[in-house]
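S.K.: Sequence:
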Amino acid sequence: MATAMVRGNYPAFAAVLRRDLLLGFRHRGEFLNPLIVHLMVVALFPLALGVEKAVLSEVAPAIIWIAALLATVISLDRFFTSDFNDGSLEQLLLSPHSLLLLLAAKILAHWMLTGLPLVILSVPAAYLVFMPDSAYVPLLLTLLLGTPSMSLIGAVLAALTVGLRGGAVLLPLLVLPLYMPILIIAVAAVNNAAKGLALVGELYFLGSILALSLTIMPLATAASLRVRIR
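Residue numbers (the numbering used here): 44 to 273.
Heads up, a few of these hints could be off.
Unchecked claim - As a list, the in silico EDC-like pairs of lysine to aspartate or glutamate whose alpha-carbon atoms are at most 16 Å apart:
1. K238 to D126
2. K238 to E101
3. K238 to D176
No lab work stands behind these hints, which were simulated from the structure alone. Model, not experiment: these values are computed from the prediction.
Turn these sequences into a full structure, and let the hints guide you.
M.R.: Following this line, the structure appears as structure tokens:
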């Protein structure tokens with residue numbers, strides 16, 4: 044029965060995912076702004092700290108991850124705002140299909156438009172700050188585990204602040220403290236890899252955060268939207 048329900052909701056899931064991806068590519072400014080911010084933040088550090096390789100390579104993991112975190116925060120406001128403004132968010136809540144699957148499609152679309160490009164962009168960005176060669180793969184692993192968690196957590200706060208006056212200002216203040224554990228653990232993992240130390244423990248922590256987010260955050264997002272949209 045559960046399998047039949049998932050199959051019945053799959054076309055709606057695919058339709059929401061396709062719609063959000065198409066809207067993201069049509070509004071290229073919203074799609075590109077976080078990526079431009081990411082590159083600008085990374086490029087500012089060599090200007091501020093100088094181009095000495097030893098200094099930059101030591102703080103390179105923190106630079107890349109802080110830039111990715113800020114870029115993700117900037118992108119969160121577009122999660123539900125346009126849907127709220129045009130009324131399609133209410134239609135989403137009234138849909139006979141599973142709200143959790145529809146929200147999962149929106150979260151996946153957000154990650155594909157923001158998180159995945161940030162993972163890809165991190166390679167040339169890491170080159171700008173002289174990241175050690177041994178840290179490139181761990182950096183990609185931490186981003187692949189961390190950026191989906193940030194999209195999932197951000198969806199909850201975006202749902203809570205949608206339609207609020209000043210919600211775009213309030214959202215970063217609410218979400219940044221929740222992102223700190225991901226930032227700290229990910230940077231520690233990449234630093235350990237650069238020093239030739241084990242990073243399995245940190246990857247397990249990031250994987251646990253992702254598994255917990257996948258389990259709880261869609262439910263919390265659905266509950267938040269039902270509270271906000273009445």
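S.K.: When the structure is checked against the list of hints, which entries are broken? Sort them ascending.
M.R.: The structure conflicts with hint 1 only, although it agrees with all the remaining ones.
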